[in-house]
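Trainee: Listed below, chain by chain, are the residues.
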Amino acid sequence: MTPPRLADRLLNWFCAPHLREEVLGDLHERYARRIERVGETKARRRYWLDVLAYVRPEFIRRRPLEFTNPRPTDMIRNYVKIAWRNLMLNKAFTAINMMGLAIGLASFMLIAVFVYTELRYDNYPSDASNIYRVQVSVAGNGDVAVYPNVDAGVGEGIQRTFPEVKAATRFLPVSDYIQYKNNQFKELHLAFADSNFLSLFSIPFSKGNAATALIAPNSIVISTEFARKYFGDEDPIGKTLAVGTQRAAFTVTGIIDKVPDNSHFHADAFLSLSSRHIANPTWSNIGFFTYLALNDKADPKKLEAKFPQLVAKYVVPEVQRDMGVSLAEAQKSVETFRFSLQPLTDIHLYSNTKYELEPNGDIKYVYIFSALALFILLLACINFTNLSTAQAAKRSREVGIRKVMGSIKNQIVFQFLTESVLLTFLAMVCAYGLVFLLLPYFNQVANKQISFSFFLSYQAILALLLASFLAGILAGIYPAFFLSSFSIIKTLKGAFFGKGSQKKSLHSGLIVFQFSISTILLIATIVVYKQLQYMQTKKLGYDKDQVIALPDTRLLGDKQLAFKDQLLQNSHVVAASLSRYTPGGTMMDGTQIYPKNETSNGTEIHANIFHVDYDYLRTLGIQVVQGRNFSRDFPTDSISGVLINESAVHELGWKGTNPIGKSVVRSGNHEYKVIGVVRDFNYVSVKQKVSPLMLMMGRNAGGIVLKIKTTDVAGFLADLKTQWEAFNPNGPLEYHFLDDQFANFYASEQQTQRLFSAFALLAVIIASLGLFALSAFVIEQRTKEVGIRKVMGASVPGIVQLLVKDFVRLVLIAVVIASPIAWYTMHHWLQDFAYRIDVEWWMFALSGLMALSIALLTVSYQSIKAALMNPVKSLRSE
Amino acid sequence: MRRSDLGEFEEVVLLAVAALSPKAYSVVIAEELERETGNSVSTGAVHAALQRLEQKGYVSSFLGEATAERGGRRKRLFTVSALGGRILQDVRAVRNRLWERIDSHLLLDWQ
Numbered sequence: 001m002t003p004p005r006l007a008d009r010l011l012n013w014f015c016a017p018h019l020r021e022e023v024l025g026d027l028h029e030r031y032a033r034r035i036e037r038v039g040e041t042k043a044r045r046r047y048w049l050d051v052l053a054y055v056r057p058e059f060i061r062r063r064p065l066e067f068t069n070p071r072p073t074d075m076i077r078n079y080v081k082i083a084w085r086n087l088m089l090n091k092a093f094t095a096i097n098m099m100g101l102a103i104g105l106a107s108f109m110l111i112a113v114f115v116y117t118e119l120r121y122d123n124y125p126s127d128a129s130n131i132y133r134v135q136v137s138v139a140g141n142g143d144v145a146v147y148p149n150v151d152a153g154v155g156e157g158i159q160r161t162f163p164e165v166k167a168a169t170r171f172l173p174v175s176d177y178i179q180y181k182n183n184q185f186k187e188l189h190l191a192f193a194d195s196n197f198l199s200l201f202s203i204p205f206s207k208g209n210a211a212t213a214l215i216a217p218n219s220i221v222i223s224t225e226f227a228r229k230y231f232g233d234e235d236p237i238g239k240t241l242a243v244g245t246q247r248a249a250f251t252v253t254g255i256i257d258k259v260p261d262n263s264h265f266h267a268d269a270f271l272s273l274s275s276r277h278i279a280n281p282t283w284s285n286i287g288f289f290t291y292l293a294l295n296d297k298a299d300p301k302k303l304e305a306k307f308p309q310l311v312a313k314y315v316v317p318e319v320q321r322d323m324g325v326s327l328a329e330a331q332k333s334v335e336t337f338r339f340s341l342q343p344l345t346d347i348h349l350y351s352n353t354k355y356e357l358e359p360n361g362d363i364k365y366v367y368i369f370s371a372l373a374l375f376i377l378l379l380a381c382i383n384f385t386n387l388s389t390a391q392a393a394k395r396s397r398e399v400g401i402r403k404v405m406g407s408i409k410n411q412i413v414f415q416f417l418t419e420s421v422l423l424t425f426l427a428m429v430c431a432y433g434l435v436f437l438l439l440p441y442f443n444q445v446a447n448k449q450i451s452f453s454f455f456l457s458y459q460a461i462l463a464l465l466l467a468s469f470l471a472g473i474l475a476g477i478y479p480a481f482f483l484s485s486f487s488i489i490k491t492l493k494g495a496f497f498g499k500g501s502q503k504k505s506l507h508s509g510l511i512v513f514q515f516s517i518s519t520i521l522l523i524a525t526i527v528v529y530k531q532l533q534y535m536q537t538k539k540l541g542y543d544k545d546q547v548i549a550l551p552d553t554r555l556l557g558d559k560q561l562a563f564k565d566q567l568l569q570n571s572h573v574v575a576a577s578l579s580r581y582t583p584g585g586t587m588m589d590g591t592q593i594y595p596k597n598e599t600s601n602g603t604e605i606h607a608n609i610f611h612v613d614y615d616y617l618r619t620l621g622i623q624v625v626q627g628r629n630f631s632r633d634f635p636t637d638s639i640s641g642v643l644i645n646e647s648a649v650h651e652l653g654w655k656g657t658n659p660i661g662k663s664v665v666r667s668g669n670h671e672y673k674v675i676g677v678v679r680d681f682n683y684v685s686v687k688q689k690v691s692p693l694m695l696m697m698g699r700n701a702g703g704i705v706l707k708i709k710t711t712d713v714a715g716f717l718a719d720l721k722t723q724w725e726a727f728n729p730n731g732p733l734e735y736h737f738l739d740d741q742f743a744n745f746y747a748s749e750q751q752t753q754r755l756f757s758a759f760a761l762l763a764v765i766i767a768s769l770g771l772f773a774l775s776a777f778v779i780e781q782r783t784k785e786v787g788i789r790k791v792m793g794a795s796v797p798g799i800v801q802l803l804v805k806d807f808v809r810l811v812l813i814a815v816v817i818a819s820p821i822a823w824y825t826m827h828h829w830l831q832d833f834a835y836r837i838d839v840e841w842w843m844f845a846l847s848g849l850m851a852l853s854i855a856l857l858t859v860s861y862q863s864i865k866a867a868l869m870n871p872v873k874s875l876r877s878e
Numbered sequence: 001m002r003r004s005d006l007g008e009f010e011e012v013v014l015l016a017v018a019a020l021s022p023k024a025y026s027v028v029i030a031e032e033l034e035r036e037t038g039n040s041v042s043t044g045a046v047h048a049a050l051q052r053l054e055q056k057g058y059v060s061s062f063l064g065e066a067t068a069e070r071g072g073r074r075k076r077l078f079t080v081s082a083l084g085g086r087i088l089q090d091v092r093a094v095r096n097r098l099w100e101r102i103d104s105h106l107l108l109d110w111q
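Heads up: the sequence lines are chains A and B, in that order.
Just so you know, we're using full-length UniProt numbering here: the first sequence kicks off at 1 and counts up by one.
Just so you know, we're using full-length UniProt numbering here: the second sequence kicks off at 1 and counts up by one.
If you are wondering where the hints come from, they were derived from the structure by calculation, not from laboratory data.
Just to be clear, a hint being listed does not mean it is correct.
[Stated by the list, open to error] Over 12 Å on every C-beta distance to chain B, these chain A residues come out as not near it, computed from the model: (1) T2; (2) P3; (3) R34; (4) E40; (5) A53; (6) Y54; (7) F59; (8) R71; (9) M75; (10) T94; (11) F425; (12) F436; (13) L464; (14) N700; (15) Q751.
[To be verified] Sample of chain A residues facing chain B (criterion: CB under 8 Å; computed from the structure): (16) H18; (17) E21; (18) E22; (19) V23; (20) L24; (21) G25; (22) D26; (23) L27; (24) E29; (25) A32; (26) E36; (27) L49; (28) E58; (29) R62.
Note that beta-carbon positions come from the ideal geometry of N, C-alpha and C, so glycine has one too.
Pulled out of the complex, with its shape left as it was, chain A reads as follows (with noise of 0.2 Å):
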């Protein structure tokens, strides 16, 4: 019997309110009387015309209001309005909270984009969370080995027997020279490929095809850049590049445009690896990187428990044949021997092995950044905080009217946080000119290729005027609701100023926590910087200085010692050896050797090995510590001589015992004897503990290490490439200094140094504001104690000692408090360094009175100008 109810709803819409009775009642009546005429299925058919024969001007215009309210927005004007002259009158308070908040938002875009780009690592694949890369790990003498990379046989024999392998991939990274016409390089970022390496990890092409490009042997893929390196403007696709020293052929089958920056490799040209033919793909040696694409549907965690029945098929049997052990013996490598799964997307942060394409990322660091970009961009909300609640009294009568005026406590919260709000979307505009104006150094010093444009995108001024406003109402937040609770009688009488107690407990806690947060900083500070100062003058067991590497005298070819003899005449040279490994290089051997004892033989150990000649110990100032050098006078040196570093000795487990004379066993069954014992010096980072080497001889070839004497380096360097270019070489000079390479290790301990020095900077700066703004303030108020003071015939440095004194105490205070954090985190900090310094008193005591100075320093001036102030002035003023 009731109308339609839609169409109620529709006239109750658009009908004027105070129509609605009239107009509804008719509806109804007529409906009533209709149905008793028509029946009922007509009567709606025809309400619903009735309803829209309502649709007219008359009735849908609104009767306008005889008392008109404010529109939301007029109130939202006058807070706007409010608040700009509050911060155009507090021009001083006003700059200082806008620059705090502003270096405060600049170092938190600064650092978030860190983070992201951080995050994003190898995301670019289109099937990026199903690529894992294989890895193996080692056990042997009571230490675990973890290598990025398999050996050849690896990732096809697993993709062969599990069928949730969709497909296997291998890289294998090379430096080598290259040649087209008249230009010759040397390419340290090459790699083979197999022919699906490129499409697996969805790099697209500019020319060529991505699917057959790597299938033929000596196919080269290069990049946008290489291409015009070596063609110019030529069209590079089917042209031939001699690689190597024996100027293979390769020919052009594509063009890429560059590896993503946010990939975990980067390689300028990729080379069929089907150029390299593995005749017999073996199982327990290391060097491919190996990707496996997986199902959706495989689980990784299963898929690694399967792996060890691939161990006892591959690896034993080899194992067996190289070491010469037992089939027992042999079977131990199905515990020790492990192939595990490391997701494609976690390499970059996750990943610390000693092996990596290039140096990887830590999720620590990005945790460290985040806490840091937070408690920056807190310290000045801080400071927003503690100005606006000093500054209480001052804004109480405005409280007190607006209250009479009838505004409620939820309008006047709301116009407090307006005005910080306010305020930090003012600071995010001058952050992004700081931005804009540092962004070059973070580059620099973060290590990141990160342009403005980025923070244009629409998604980034989402995200930063979302972070500004979070930040306003943090900010703002307390002032708002302490304003607000002001009583009105109280504010009207002007007798605000009676309980600052509580307030000031407020203040003195925000102060702790600033200088606090800074005082971590610069012990953090003065860590970094006293630990990579020790690592870069650590004695290193060599000699460094003037040590000169050619890493690529095999372009020579057999003329290489006579090379060597040649530079031997010139008389800066002191000495010179044939060897392409020197310490801190990126040549390195290994094996894995055991010692033949008279009883048994002990466990394996894993030893590296450099190849080197009669004068190496000589030319790098390493130290024999027992038996002696190699010596020409014994022929058998030179094929089963060998000698091993004190670690080895350890490891070996011949402490204590005279090592010289007995035999180590390595992997093909080959026995030496160790003829004597150098002093363990450090040929790789100083991050690492020394590890057991071997040094042989033989093999050797292919680079010199020189040590040389001179004051005029650049007349040497001009003299060696002279000499050098007389030899008819097959390529330009390559050489660079142990001692730069060495610095090289350190990169990222200097990066992580700088950022800390940055932030304790930014940290320090905006505390400093913070507190000479609020100690402006305090003083300010005190102006009439220290003129009556005065009279009263206190000395000035009187009254600068009782209005520094509460300051400097909470700087102590913080001083205390931060001191056992900053010990703890920087403690952790160092575990990760083998060799390492002590956390010392005197860094606290350092940083403790640098902060404690620049305290004083911002205090001091308000307090000394007030009390040099005439008592006169300061009394008169009512």
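We have chain A; now place chain B onto it with these hints.
Mentor: Leaving out everything else, chain B in the frame of chain A:
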């Protein structure tokens, strides 16, 4: 005499208000007009016309009692004001004069 602002529909509605007085409101007027003319007339059109008439001062209105079939809503009752009555008489006089001048033969032809 300004009566050019009285539309034809308005005139009919005004007459209906006068005829149904004192119980004239949208529903009964609309029904009455429907019955008289045979065309369907919506309350919306009538109500709009009444509003215009009220604006011009030809009718006045007040809220009457509520009934059950109106869902307890009150109705707005209209009465013709003095000005409205005079206008109606003017209109009628004009028409009457014109009617009287029509030739009687012509009138016979139309029937």
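Trainee: For every hint, state whether the structure bears it out.
Mentor: Right, here's what the structure says about each hint:
With a least CB separation of 9 Å from chain B, T2 (chain A) falls inside the 12 Å interface cut-off, contrary to its annotation. Once the 12 Å rule is applied to beta carbons, P3 (chain A) is inconsistent with being away from chain B; the minimum gap is 9 Å. Non-interface call for R34 (chain A) relative to chain B: violated, since the shortest CB-CB distance, roughly 10 Å, does not exceed 12 Å. With a closest Cβ-Cβ approach of about 14 Å to chain B, E40 (chain A) is found to remain outside the 12 Å limit, as its non-interface label requires.
Not every Cβ of chain B is farther than 12 Å from the Cβ of A53 (chain A); the closest lies at roughly 3 Å, contradicting the non-interface assignment. With a closest Cβ-Cβ approach of about 4 Å to chain B, Y54 (chain A) is found to fall inside the 12 Å limit, against its non-interface label. Residue placement check: F59 (chain A) does not keep its beta carbon more than 12 Å from all beta carbons of chain B (closest about 7 Å). No beta-carbon of chain B is positioned within 12 Å of the beta-carbon of R71 (chain A); the least distance is around 29 Å.
No beta-carbon of chain B is positioned within 12 Å of the beta-carbon of M75 (chain A); the least distance is around 36 Å. For T94 (chain A), the requirement that its beta carbon stay farther than 12 Å from each beta carbon of chain B is met, with the minimum near 56 Å. With a least beta-carbon separation of about 49 Å from chain B, F425 (chain A) lies farther than 12 Å from that chain, consistent with its non-interface assignment. With a least CB separation of 63 Å from chain B, F436 (chain A) remains clear of the 12 Å interface cut-off, as annotated.
Taking the minimum C-beta to C-beta distance to chain B, about 54 Å, the non-interface status of L464 (chain A) holds against the 12 Å cut. Every beta carbon of chain B lies more than 12 Å from that of N700 (chain A), the smallest distance being close to 106 Å; the non-interface claim holds. Chain B leaves Q751 (chain A) outside its interface by the beta-carbon criterion, the shortest separation being 78 Å against a cut-off of 12 Å. Because the smallest distance between the Cβ of H18 (chain A) and any Cβ of chain B comes to about 11 Å, over 8 Å, the interface hint for this residue is violated.
The interface hint given for E21 (chain A) is met, as the beta carbon of that residue sits about 5 Å from the closest beta carbon of chain B, less than 8 Å. Taken as an interface hint, E22 (chain A) checks out: its beta carbon lies about 5 Å from the nearest beta carbon of chain B, inside 8 Å. Because the beta carbon of V23 (chain A) sits about 7 Å from the nearest beta carbon in chain B, less than 8 Å, this interface hint is met. A least Cβ separation of about 6 Å between L24 (chain A) and chain B falls short of the 8 Å threshold, and the interface hint therefore holds.
A least Cβ separation of about 3 Å between G25 (chain A) and chain B falls short of the 8 Å threshold, and the interface hint therefore holds. Against a cut-off of 8 Å between C-beta atoms, the interface hint on D26 (chain A) holds, since the closest Cβ of chain B lies about 5 Å away. Taking 8 Å as the C-beta contact cut-off toward chain B, the hint placing L27 (chain A) at the interface holds, the least distance being around 7 Å. For the restraint placing E29 (chain A) at the interface with chain B, the shortest Cβ-Cβ distance is roughly 5 Å, inside the 8 Å limit, so the hint holds.
For A32 (chain A), the shortest C-beta to C-beta distance to chain B is roughly 4 Å, which falls under 8 Å, so the interface hint holds. A least Cβ separation of about 10 Å between E36 (chain A) and chain B goes past the 8 Å threshold, and the interface hint is therefore violated. Against a cut-off of 8 Å between C-beta atoms, the interface hint on L49 (chain A) holds, since the closest Cβ of chain B lies about 7 Å away. For E58 (chain A), the interface hint holds, since its Cβ comes within 8 Å of a Cβ in chain B; the closest pair sits about 6 Å apart.
The beta carbon of R62 (chain A) is not positioned within 8 Å of any beta carbon in chain B (closest approach about 15 Å), and the interface hint is therefore violated.
When held up to the earlier numbered hints, the structure conflicts with 1, 2, 3, 5, 6, 7, 16, 26 and 29 and fits the remainder.
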